[in-house]
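S.K.: Sequence:
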Amino acid sequence: EPYKNHLKRMLNYAILLHPEYTEDELKRLQIAAVFHDIGLWTVPTVDYLDPSCEEAMKYLKDNNLEVWSRGEIELMVLEHHKMTKCGPKLVEVFRKSDWIDVSFGVRKFGLKKEDIKKIIDTIPNLGF
18 EPYKNHLKRM LNYAILLHPE YTEDELKRLQ IAAVFHDIGL WTVPTVDYLD PSCEEAMKYL
78 KDNNLEVWSR GEIELMVLEH HKMTKCGPKL VEVFRKSDWI DVSFGVRKFG LKKEDIKKII
138 DTIPNLGF
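Start counting the sequence shown at 18; every next residue gets the next number (my numbering).
Everything labelled a hint here was simulated from the structure, so no lab data went into it. Where a beta carbon is used, it is the ideal one built from N, C-alpha and C, also for glycine. Careful, some of the hints might be misleading.
[What the hints assert, rightly or not] Computed spacing ranges between beta-carbons, pair by pair:
| no. | residue 1 | residue 2 | range |
| --- | --- | --- | --- |
| 1 | P19 | E131 | 20 to 26 Å |
| 2 | V84 | L143 | 33 to 39 Å |
| 3 | E40 | F121 | 27 to 33 Å |
| 4 | K129 | R87 | 33 to 39 Å |
| 5 | K106 | K78 | 22 to 28 Å |
| 6 | E37 | T101 | 20 to 26 Å |
| 7 | D79 | T101 | 32 to 38 Å |
| 8 | V123 | N80 | 31 to 37 Å |
| 9 | N142 | W58 | 14 to 20 Å |
| 10 | T101 | K135 | 25 to 31 Å |
Start from the sequences and build out the full structure, keeping to the hints where you can.
M.R.: The structure is reproduced here in structure tokens:
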């Protein structure tokens with residue numbers, strides 16, 4: 018439940034940051050969200066970005082979504098810890114939404130404090 022809530026908060030922030038998203042973009046955000054930290058549990062290391070990306074690429078291949086393999090999803094997973102801009106719009110939306118969540122809203126990237134608080138109150142941080 019803790020990781021699931023992290024993903025839900027991230028996706029809510031992403032929608033606020035990029036309200037004109039397409040269904041295709043939302044699906045890419047969802048896939049990247051599920052896999053961006055998964056390496057924490059699949060390999061015994063704190064260096065989990067590459068293993069997380071490998072899991073995402075496997076999922077894309079297994080689901081005939083390989084067209085997304087090299088590009089935004091890969092960048093979203095590998096670059097979401099960057100402190101500065103690191104890619105195209107959707108990659109930036111993803112990076113910012115993760116930072117908003119892990120910083121408990123200290124980094125806002127233009128979102129309103131009350132919008133962040135509403136998301137946190139609705140989808141509580143349960144340790145992740």
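S.K.: For each hint, tell me whether it holds in the structure or not.
M.R.: For each hint, the structure was consulted:
The beta-carbon spacing between P19 and E131, approximately 24 Å, falls within the hinted interval of 20 to 26 Å. As the Cβ distance of V84 to L143 is approximately 35 Å, the hint placing it in 33 to 39 Å holds. Between E40 and F121, the C-beta spacing of about 30 Å keeps the proposed range 27 to 33 Å intact. Against the hinted window of 33 to 39 Å, the Cβ-Cβ separation of K129 and R87 comes to about 35 Å, which satisfies the hint.
At roughly 25 Å, the beta carbons of K106 and K78 sit within the given window of 22 to 28 Å. Checking the proposed 20 to 26 Å range against E37 and T101 shows it holds: the Cβ atoms sit about 24 Å from each other. For the hinted restraint 32 to 38 Å between D79 and T101, the CB-CB distance of approximately 33 Å keeps it satisfied. The hinted window of 31 to 37 Å between V123 and N80 holds, with their beta carbons roughly 36 Å apart.
Between N142 and W58 the beta carbons are some 18 Å apart, a value that agrees with the proposed interval 14 to 20 Å. Between T101 and K135 the C-beta distance comes to about 28 Å, which sits within the given range of 25 to 31 Å.
Figure legend: structure checked against the earlier numbered hints; every hint is met.
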